[in-house]
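Please model the entire structure based on the sequences and the hints provided.
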Amino acid sequence: MPGGRHMRQAEPDRRDRALMLAATLARMGVGLLTFMVLARALGPAGFGGFAAAAAYATLVALATDYGLATSALRLAAADPARSGEIVGDALRTKAALVALAFPAGAALTLWTVPAGDTGVYLLVFIGTLAYSFADLTLVAARAHRRFATEAGLVVTTSIGILAITATVAMVTHDTLATAAAFALTRLAYLVATRLRLRALLHRDHRPGQHAIRATLRQAAPYAVDNILTVLTGQVDVLLLALLLSAHDLGIYQAGGRLVQVIVPFAVVLSSVHLPALSANALRGDDDAFRRQSRRVTTEFAGLGLIGGIGFALLGPFVTRHLYGAAFDPLLPLWPGFAAYAMLRFAAAGFGIQLAALGRIGPRILVQIATLLGYTIAIILLVRTHGLGVTAWALAAIGGGTFIGLGAVLWRSGRADRAVAAVLLMVPPVAGGLAWGAWIGG
12 MPGGRHMRQA
22 EPDRRDRALM
32 LAATLARMGV
42 GLLTFMVLAR
52 ALGPAGFGGF
62 AAAAAYATLV
72 ALATDYGLAT
82 SALRLAAADP
92 ARSGEIVGDA
102 LRTKAALVAL
112 AFPAGAALTL
122 WTVPAGDTGV
132 YLLVFIGTLA
142 YSFADLTLVA
152 ARAHRRFATE
162 AGLVVTTSIG
172 ILAITATVAM
182 VTHDTLATAA
192 AFALTRLAYL
202 VATRLRLRAL
212 LHRDHRPGQH
222 AIRATLRQAA
232 PYAVDNILTV
242 LTGQVDVLLL
252 ALLLSAHDLG
262 IYQAGGRLVQ
272 VIVPFAVVLS
282 SVHLPALSAN
292 ALRGDDDAFR
302 RQSRRVTTEF
312 AGLGLIGGIG
322 FALLGPFVTR
332 HLYGAAFDPL
342 LPLWPGFAAY
352 AMLRFAAAGF
362 GIQLAALGRI
372 GPRILVQIAT
382 LLGYTIAIIL
392 LVRTHGLGVT
402 AWALAAIGGG
412 TFIGLGAVLW
422 RSGRADRAVA
432 AVLLMVPPVA
442 GGLAWGAWIG
452 G
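So for the sequence shown, our numbering puts the first residue at 12; every next one is plus one.
Since the hints were derived computationally from the structure, they do not count as laboratory data.
For every residue, glycine included, the Cβ atom is placed at its ideal position computed from N, Cα and C.
Just to be clear, a hint being listed does not mean it is correct.
Pairwise CB distance ranges (calculated) [unchecked claim]: (1) A126 - I175: 49 to 57 Å; (2) R93 - L32: 26 to 34 Å; (3) V202 - R294: 33 to 41 Å.
Written out as C-alpha coordinates, the structure is:
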(Lines of atoms letter the chains of each structure in order from A and count residues from 1; the text may use other names and numbers.)
(Lines give C-alpha, C1' and ligand atoms only; values in the text may rest on other atoms or scores of the structure.)
Protein backbone atom coordinates (compact mmCIF):
# COMPACT_ATOMS: atom_id res chain seq x y z
CA MET A 1 0.00 0.00 0.00
CA PRO A 2 1.23 3.56 -0.54
CA GLY A 3 1.56 4.38 3.13
CA GLY A 4 3.67 1.29 3.77
CA ARG A 5 5.85 2.02 0.79
CA HIS A 6 6.36 5.55 2.05
CA MET A 7 7.34 4.26 5.48
CA ARG A 8 9.90 1.88 4.06
CA GLN A 9 11.44 4.72 2.10
CA ALA A 10 11.58 6.79 5.29
CA GLU A 11 13.57 4.15 7.13
CA PRO A 12 17.35 4.56 7.06
CA ASP A 13 19.00 2.11 4.70
CA ARG A 14 22.23 0.19 5.28
CA ARG A 15 24.30 2.84 3.54
CA ASP A 16 22.92 5.58 5.80
CA ARG A 17 23.66 3.55 8.92
CA ALA A 18 27.12 2.64 7.68
CA LEU A 19 27.94 6.28 6.99
CA MET A 20 26.69 7.45 10.37
CA LEU A 21 28.59 4.59 12.01
CA ALA A 22 31.75 5.74 10.22
CA ALA A 23 31.23 9.31 11.42
CA THR A 24 30.49 8.13 14.94
CA LEU A 25 33.53 5.85 15.05
CA ALA A 26 35.69 8.73 13.82
CA ARG A 27 34.41 10.96 16.63
CA MET A 28 34.79 8.18 19.17
CA GLY A 29 38.23 7.22 17.91
CA VAL A 30 39.47 10.80 18.12
CA GLY A 31 38.07 11.14 21.63
CA LEU A 32 39.64 7.90 22.78
CA LEU A 33 43.04 8.35 21.19
CA THR A 34 43.33 12.03 22.07
CA PHE A 35 42.68 11.48 25.76
CA MET A 36 44.93 8.43 25.88
CA VAL A 37 47.80 10.47 24.45
CA LEU A 38 47.04 13.38 26.78
CA ALA A 39 47.05 11.09 29.81
CA ARG A 40 50.45 9.72 28.80
CA ALA A 41 51.93 13.12 27.94
CA LEU A 42 50.56 15.20 30.83
CA GLY A 43 50.69 12.62 33.64
CA PRO A 44 47.94 11.91 36.20
CA ALA A 45 47.84 15.37 37.82
CA GLY A 46 48.07 17.40 34.59
CA PHE A 47 45.57 15.18 32.85
CA GLY A 48 43.22 15.35 35.83
CA GLY A 49 43.11 19.15 35.56
CA PHE A 50 42.60 19.08 31.79
CA ALA A 51 39.88 16.43 32.04
CA ALA A 52 38.06 18.38 34.75
CA ALA A 53 38.06 21.46 32.51
CA ALA A 54 36.75 19.35 29.63
CA ALA A 55 33.95 17.94 31.79
CA TYR A 56 32.75 21.36 32.93
CA ALA A 57 33.03 22.73 29.39
CA THR A 58 31.06 19.80 27.98
CA LEU A 59 28.34 20.38 30.55
CA VAL A 60 28.01 24.04 29.52
CA ALA A 61 28.22 23.34 25.79
CA LEU A 62 25.60 20.62 25.79
CA ALA A 63 23.34 22.33 28.33
CA THR A 64 23.16 25.36 26.02
CA ASP A 65 22.06 23.01 23.25
CA TYR A 66 18.76 23.17 25.18
CA GLY A 67 17.43 20.18 23.27
CA LEU A 68 17.88 22.17 20.06
CA ALA A 69 19.53 19.35 18.10
CA THR A 70 16.70 16.87 18.69
CA SER A 71 13.98 19.48 18.18
CA ALA A 72 15.55 20.91 15.03
CA LEU A 73 16.13 17.46 13.53
CA ARG A 74 12.50 16.45 14.05
CA LEU A 75 11.22 19.68 12.49
CA ALA A 76 13.74 19.75 9.64
CA ALA A 77 13.20 16.09 8.76
CA ALA A 78 9.48 16.75 8.48
CA ASP A 79 10.04 19.84 6.28
CA PRO A 80 13.44 19.61 4.52
CA ALA A 81 12.71 22.69 2.43
CA ARG A 82 12.85 24.79 5.62
CA SER A 83 15.80 22.95 7.15
CA GLY A 84 18.22 25.82 6.58
CA GLU A 85 15.89 28.24 8.33
CA ILE A 86 15.19 25.79 11.16
CA VAL A 87 18.87 25.05 11.78
CA GLY A 88 19.72 28.75 11.51
CA ASP A 89 17.15 29.54 14.19
CA ALA A 90 18.61 26.78 16.38
CA LEU A 91 22.19 28.05 15.96
CA ARG A 92 21.28 31.63 16.80
CA THR A 93 19.22 30.50 19.76
CA LYS A 94 22.20 28.52 21.06
CA ALA A 95 24.43 31.57 20.55
CA ALA A 96 22.00 33.65 22.62
CA LEU A 97 22.04 31.04 25.39
CA VAL A 98 25.85 30.95 25.38
CA ALA A 99 25.96 34.76 25.60
CA LEU A 100 23.64 34.65 28.61
CA ALA A 101 25.63 31.90 30.33
CA PHE A 102 29.09 33.35 29.65
CA PRO A 103 29.24 36.05 32.39
CA ALA A 104 28.19 33.64 35.12
CA GLY A 105 30.53 30.94 33.83
CA ALA A 106 33.47 33.34 33.61
CA ALA A 107 32.87 34.64 37.13
CA LEU A 108 32.57 31.13 38.54
CA THR A 109 35.77 30.05 36.77
CA LEU A 110 37.73 33.01 38.11
CA TRP A 111 36.40 32.36 41.60
CA THR A 112 36.92 28.59 41.83
CA VAL A 113 39.81 27.75 39.47
CA PRO A 114 43.43 28.36 40.53
CA ALA A 115 44.91 31.36 38.73
CA GLY A 116 47.44 29.21 36.90
CA ASP A 117 44.68 27.07 35.35
CA THR A 118 42.40 29.87 34.12
CA GLY A 119 43.93 29.90 30.63
CA VAL A 120 43.51 26.13 30.30
CA TYR A 121 39.84 26.33 31.28
CA LEU A 122 39.19 29.22 28.87
CA LEU A 123 40.79 27.45 25.91
CA VAL A 124 39.05 24.16 26.64
CA PHE A 125 35.72 26.00 26.89
CA ILE A 126 36.31 27.69 23.52
CA GLY A 127 37.19 24.42 21.82
CA THR A 128 34.27 22.52 23.32
CA LEU A 129 31.74 25.22 22.40
CA ALA A 130 33.07 25.38 18.84
CA TYR A 131 32.67 21.61 18.51
CA SER A 132 29.09 21.75 19.80
CA PHE A 133 28.16 24.51 17.33
CA ALA A 134 29.59 22.42 14.49
CA ASP A 135 27.62 19.36 15.56
CA LEU A 136 24.40 21.39 15.71
CA THR A 137 25.11 22.69 12.20
CA LEU A 138 25.29 19.09 10.95
CA VAL A 139 21.55 18.73 11.63
CA ALA A 140 21.05 20.39 8.23
CA ALA A 141 22.89 17.52 6.53
CA ARG A 142 20.96 14.85 8.45
CA ALA A 143 17.60 16.43 7.61
CA HIS A 144 18.46 16.06 3.92
CA ARG A 145 19.86 12.55 4.52
CA ARG A 146 23.28 13.80 3.42
CA PHE A 147 25.05 11.26 5.60
CA ALA A 148 27.94 10.91 3.16
CA THR A 149 28.65 14.62 3.50
CA GLU A 150 28.72 14.39 7.29
CA ALA A 151 30.84 11.23 7.30
CA GLY A 152 33.43 12.70 4.93
CA LEU A 153 33.63 15.94 6.86
CA VAL A 154 33.90 14.30 10.27
CA VAL A 155 36.46 11.69 9.25
CA THR A 156 38.82 14.14 7.55
CA THR A 157 38.68 16.79 10.26
CA SER A 158 38.97 14.19 13.02
CA ILE A 159 42.30 13.03 11.62
CA GLY A 160 43.61 16.59 11.72
CA ILE A 161 42.29 17.20 15.24
CA LEU A 162 43.97 14.08 16.55
CA ALA A 163 47.28 14.64 14.78
CA ILE A 164 47.72 18.26 15.88
CA THR A 165 46.51 17.95 19.47
CA ALA A 166 48.44 14.74 20.15
CA THR A 167 51.64 16.11 18.60
CA VAL A 168 51.54 19.27 20.70
CA ALA A 169 50.91 17.27 23.88
CA MET A 170 53.74 14.80 23.23
CA VAL A 171 56.24 17.48 22.22
CA THR A 172 55.53 20.06 24.92
CA HIS A 173 54.10 18.00 27.85
CA ASP A 174 52.46 21.32 28.71
CA THR A 175 48.78 21.60 29.65
CA LEU A 176 48.32 25.18 28.40
CA ALA A 177 49.89 24.47 24.99
CA THR A 178 47.77 21.34 24.66
CA ALA A 179 44.62 23.32 25.52
CA ALA A 180 45.52 25.87 22.84
CA ALA A 181 45.83 23.11 20.23
CA PHE A 182 42.55 21.65 21.48
CA ALA A 183 40.78 25.00 20.94
CA LEU A 184 42.31 25.84 17.56
CA THR A 185 41.60 22.46 15.96
CA ARG A 186 37.97 22.52 17.05
CA LEU A 187 37.52 26.08 15.80
CA ALA A 188 38.86 24.84 12.46
CA TYR A 189 36.27 22.03 12.55
CA LEU A 190 33.50 24.60 13.02
CA VAL A 191 34.76 26.71 10.11
CA ALA A 192 35.05 23.64 7.86
CA THR A 193 31.53 22.53 8.76
CA ARG A 194 30.00 25.94 7.99
CA LEU A 195 31.83 26.12 4.66
CA ARG A 196 30.89 22.58 3.63
CA LEU A 197 27.20 23.03 4.46
CA ARG A 198 26.80 26.63 3.31
CA ALA A 199 24.48 25.55 0.47
CA LEU A 200 22.06 24.02 3.02
CA LEU A 201 22.05 27.02 5.36
CA HIS A 202 20.08 30.19 4.79
CA ARG A 203 22.79 32.76 5.29
CA ASP A 204 20.40 35.66 4.62
CA HIS A 205 17.97 34.43 7.29
CA ARG A 206 18.16 36.57 10.42
CA PRO A 207 15.66 35.45 13.04
CA GLY A 208 14.39 38.11 15.39
CA GLN A 209 13.45 37.77 19.02
CA HIS A 210 10.09 36.25 18.07
CA ALA A 211 11.79 33.43 16.10
CA ILE A 212 14.25 32.76 18.92
CA ARG A 213 11.44 32.61 21.48
CA ALA A 214 9.50 30.25 19.20
CA THR A 215 12.57 28.01 18.84
CA LEU A 216 12.99 27.94 22.62
CA ARG A 217 9.34 26.95 23.07
CA GLN A 218 9.62 24.16 20.50
CA ALA A 219 12.80 22.82 22.11
CA ALA A 220 11.60 23.24 25.70
CA PRO A 221 10.21 19.67 26.06
CA TYR A 222 13.67 18.36 25.17
CA ALA A 223 15.69 20.89 27.18
CA VAL A 224 15.44 19.35 30.65
CA ASP A 225 15.92 15.88 29.17
CA ASN A 226 18.99 17.09 27.28
CA ILE A 227 20.54 18.68 30.36
CA LEU A 228 19.88 15.57 32.44
CA THR A 229 21.40 13.38 29.71
CA VAL A 230 24.51 15.54 29.84
CA LEU A 231 24.61 15.41 33.64
CA THR A 232 24.31 11.62 33.54
CA GLY A 233 27.43 11.57 31.39
CA GLN A 234 29.39 14.15 33.40
CA VAL A 235 28.18 13.90 36.99
CA ASP A 236 30.93 11.46 37.91
CA VAL A 237 33.80 13.83 37.18
CA LEU A 238 31.91 16.87 38.51
CA LEU A 239 31.53 15.15 41.89
CA LEU A 240 34.86 13.36 41.92
CA ALA A 241 36.67 16.63 41.21
CA LEU A 242 35.46 17.68 44.66
CA LEU A 243 36.15 14.36 46.40
CA LEU A 244 39.46 13.15 44.92
CA SER A 245 42.91 14.65 44.62
CA ALA A 246 44.04 15.86 41.19
CA HIS A 247 46.26 12.76 40.94
CA ASP A 248 43.43 10.31 41.70
CA LEU A 249 41.05 12.23 39.44
CA GLY A 250 43.58 11.87 36.63
CA ILE A 251 43.75 8.11 37.25
CA TYR A 252 39.96 7.81 37.16
CA GLN A 253 39.58 10.03 34.11
CA ALA A 254 42.18 8.08 32.14
CA GLY A 255 39.51 5.37 31.98
CA GLY A 256 36.29 7.23 32.77
CA ARG A 257 36.82 9.91 30.14
CA LEU A 258 37.32 7.24 27.50
CA VAL A 259 34.19 5.30 28.35
CA GLN A 260 32.07 8.44 28.70
CA VAL A 261 32.51 9.24 25.00
CA ILE A 262 29.77 6.64 24.55
CA VAL A 263 27.07 9.05 25.74
CA PRO A 264 27.35 11.85 23.15
CA PHE A 265 28.30 9.54 20.31
CA ALA A 266 25.48 7.11 21.00
CA VAL A 267 23.19 10.13 20.68
CA VAL A 268 24.80 11.07 17.36
CA LEU A 269 24.49 7.53 16.01
CA SER A 270 20.87 7.26 17.12
CA SER A 271 19.99 10.42 15.19
CA VAL A 272 20.03 8.44 11.94
CA HIS A 273 16.98 6.55 13.22
CA LEU A 274 15.08 9.49 14.73
CA PRO A 275 13.43 10.86 11.55
CA ALA A 276 11.93 7.47 10.61
CA LEU A 277 10.94 6.61 14.18
CA SER A 278 9.30 10.01 14.63
CA ALA A 279 7.44 9.79 11.33
CA ASN A 280 6.08 6.35 12.19
CA ALA A 281 5.09 7.44 15.69
CA LEU A 282 3.37 10.65 14.56
CA ARG A 283 1.45 8.85 11.81
CA GLY A 284 0.32 6.14 14.21
CA ASP A 285 1.84 3.32 12.14
CA ASP A 286 2.60 0.92 15.00
CA ASP A 287 3.73 -1.91 12.72
CA ALA A 288 6.37 0.26 11.07
CA PHE A 289 7.42 1.67 14.45
CA ARG A 290 7.87 -1.84 15.88
CA ARG A 291 10.00 -2.90 12.90
CA GLN A 292 12.23 0.09 13.47
CA SER A 293 12.14 -0.52 17.25
CA ARG A 294 13.46 -4.05 16.76
CA ARG A 295 16.26 -2.81 14.54
CA VAL A 296 17.33 -0.01 16.88
CA THR A 297 17.10 -2.15 20.03
CA THR A 298 19.18 -5.03 18.68
CA GLU A 299 21.67 -2.74 16.95
CA PHE A 300 22.43 -0.74 20.09
CA ALA A 301 22.54 -3.82 22.32
CA GLY A 302 25.04 -5.37 19.91
CA LEU A 303 27.16 -2.23 19.82
CA GLY A 304 27.03 -2.12 23.62
CA LEU A 305 28.33 -5.68 23.81
CA ILE A 306 31.16 -4.86 21.41
CA GLY A 307 32.02 -1.74 23.40
CA GLY A 308 31.95 -3.58 26.72
CA ILE A 309 34.21 -6.36 25.47
CA GLY A 310 36.51 -3.79 23.90
CA PHE A 311 36.99 -1.87 27.15
CA ALA A 312 37.38 -5.08 29.17
CA LEU A 313 40.14 -6.39 26.88
CA LEU A 314 41.85 -3.23 25.68
CA GLY A 315 41.64 -1.16 28.87
CA PRO A 316 44.27 -3.13 30.81
CA PHE A 317 46.48 -3.34 27.71
CA VAL A 318 46.35 0.43 27.22
CA THR A 319 47.04 1.02 30.91
CA ARG A 320 50.13 -1.19 30.97
CA HIS A 321 51.63 -0.35 27.57
CA LEU A 322 50.53 3.22 26.83
CA TYR A 323 49.83 5.00 30.12
CA GLY A 324 52.70 3.43 32.05
CA ALA A 325 53.25 2.41 35.66
CA ALA A 326 51.97 5.73 37.03
CA PHE A 327 48.45 4.64 36.04
CA ASP A 328 48.51 1.12 37.55
CA PRO A 329 45.71 2.03 40.05
CA LEU A 330 43.43 2.24 36.99
CA LEU A 331 43.63 -1.52 36.32
CA PRO A 332 40.96 -2.63 38.88
CA LEU A 333 38.52 -0.05 37.49
CA TRP A 334 38.19 -1.48 33.96
CA PRO A 335 35.59 -4.19 34.76
CA GLY A 336 33.19 -1.53 36.06
CA PHE A 337 33.89 0.69 33.06
CA ALA A 338 33.21 -2.23 30.70
CA ALA A 339 29.84 -2.95 32.32
CA TYR A 340 28.91 0.73 32.09
CA ALA A 341 29.82 0.85 28.40
CA MET A 342 27.52 -2.04 27.55
CA LEU A 343 24.57 -0.85 29.64
CA ARG A 344 24.76 2.81 28.61
CA PHE A 345 25.00 2.12 24.89
CA ALA A 346 22.04 -0.26 25.02
CA ALA A 347 20.07 2.33 27.02
CA ALA A 348 20.63 4.90 24.26
CA GLY A 349 18.62 2.68 21.91
CA PHE A 350 15.68 2.84 24.33
CA GLY A 351 16.07 6.58 24.81
CA ILE A 352 15.83 7.51 21.14
CA GLN A 353 12.62 5.49 20.80
CA LEU A 354 11.07 7.33 23.74
CA ALA A 355 12.10 10.65 22.18
CA ALA A 356 10.40 9.66 18.92
CA LEU A 357 7.24 8.78 20.87
CA GLY A 358 7.34 12.13 22.66
CA ARG A 359 7.69 10.38 26.05
CA ILE A 360 10.07 12.96 27.46
CA GLY A 361 8.55 13.12 30.95
CA PRO A 362 9.36 9.51 31.87
CA ARG A 363 12.88 9.93 30.49
CA ILE A 364 13.36 12.90 32.79
CA LEU A 365 12.10 11.03 35.84
CA VAL A 366 14.39 8.06 35.16
CA GLN A 367 17.43 10.30 34.82
CA ILE A 368 16.60 12.32 37.95
CA ALA A 369 16.25 9.14 39.99
CA THR A 370 19.52 7.76 38.60
CA LEU A 371 21.42 10.98 39.26
CA LEU A 372 20.16 11.29 42.82
CA GLY A 373 21.03 7.69 43.59
CA TYR A 374 24.53 8.06 42.16
CA THR A 375 25.19 11.35 43.96
CA ILE A 376 24.23 9.95 47.36
CA ALA A 377 26.14 6.70 46.80
CA ILE A 378 29.34 8.29 45.51
CA ILE A 379 29.53 10.83 48.35
CA LEU A 380 29.13 8.09 50.95
CA LEU A 381 31.28 5.41 49.31
CA VAL A 382 34.26 7.45 48.12
CA ARG A 383 34.87 8.69 51.66
CA THR A 384 35.21 5.09 52.91
CA HIS A 385 36.43 3.12 49.87
CA GLY A 386 38.29 5.74 47.84
CA LEU A 387 39.11 5.40 44.15
CA GLY A 388 38.31 1.68 43.94
CA VAL A 389 34.52 2.12 44.13
CA THR A 390 34.20 4.82 41.45
CA ALA A 391 33.90 2.62 38.34
CA TRP A 392 31.31 0.36 39.97
CA ALA A 393 29.22 3.38 40.91
CA LEU A 394 29.40 4.50 37.27
CA ALA A 395 28.22 1.05 36.17
CA ALA A 396 25.26 1.48 38.52
CA ILE A 397 24.32 4.68 36.62
CA GLY A 398 24.33 2.69 33.39
CA GLY A 399 22.24 -0.08 34.92
CA GLY A 400 19.66 2.28 36.40
CA THR A 401 19.30 4.20 33.15
CA PHE A 402 19.05 1.01 31.09
CA ILE A 403 16.37 -0.64 33.26
CA GLY A 404 14.38 2.56 33.76
CA LEU A 405 14.23 3.60 30.10
CA GLY A 406 13.63 0.04 28.91
CA ALA A 407 10.75 -0.48 31.34
CA VAL A 408 9.07 2.79 30.31
CA LEU A 409 9.45 1.93 26.62
CA TRP A 410 7.99 -1.56 27.09
CA ARG A 411 5.05 -0.20 29.07
CA SER A 412 4.25 2.23 26.25
CA GLY A 413 2.76 -0.71 24.35
CA ARG A 414 4.34 0.36 21.06
CA ALA A 415 7.77 -1.25 21.32
CA ASP A 416 8.85 -4.50 19.71
CA ARG A 417 9.28 -7.68 21.77
CA ALA A 418 13.02 -7.32 21.27
CA VAL A 419 12.90 -4.61 23.96
CA ALA A 420 11.76 -7.16 26.57
CA ALA A 421 14.37 -9.67 25.42
CA VAL A 422 17.19 -7.15 25.64
CA LEU A 423 15.95 -5.95 29.04
CA LEU A 424 16.23 -9.48 30.38
CA MET A 425 19.52 -10.45 28.74
CA VAL A 426 21.79 -7.41 28.88
CA PRO A 427 22.16 -6.93 32.69
CA PRO A 428 23.37 -10.50 33.39
CA VAL A 429 25.63 -10.37 30.33
CA ALA A 430 27.11 -7.06 31.54
CA GLY A 431 27.57 -8.52 35.02
CA GLY A 432 29.24 -11.62 33.60
CA LEU A 433 31.49 -9.47 31.44
CA ALA A 434 32.57 -7.41 34.44
CA TRP A 435 33.15 -10.54 36.56
CA GLY A 436 35.20 -12.16 33.81
CA ALA A 437 37.28 -9.02 33.38
CA TRP A 438 37.81 -8.88 37.16
CA ILE A 439 38.94 -12.49 37.35
CA GLY A 440 41.08 -12.15 34.23
CA GLY A 441 42.72 -8.98 35.54
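Verification of the hints:
Remark: the range hint 49 to 57 Å for A126 to I175 is contradicted by a beta-carbon distance near 27 Å. Distance hint for R93 and L32: a CB-CB separation of about 28 Å, consistent with the stated range 26 to 34 Å. For the pair V202 and R294, the supplied restraint of 33 to 41 Å holds, since their beta-carbon distance comes to about 39 Å.
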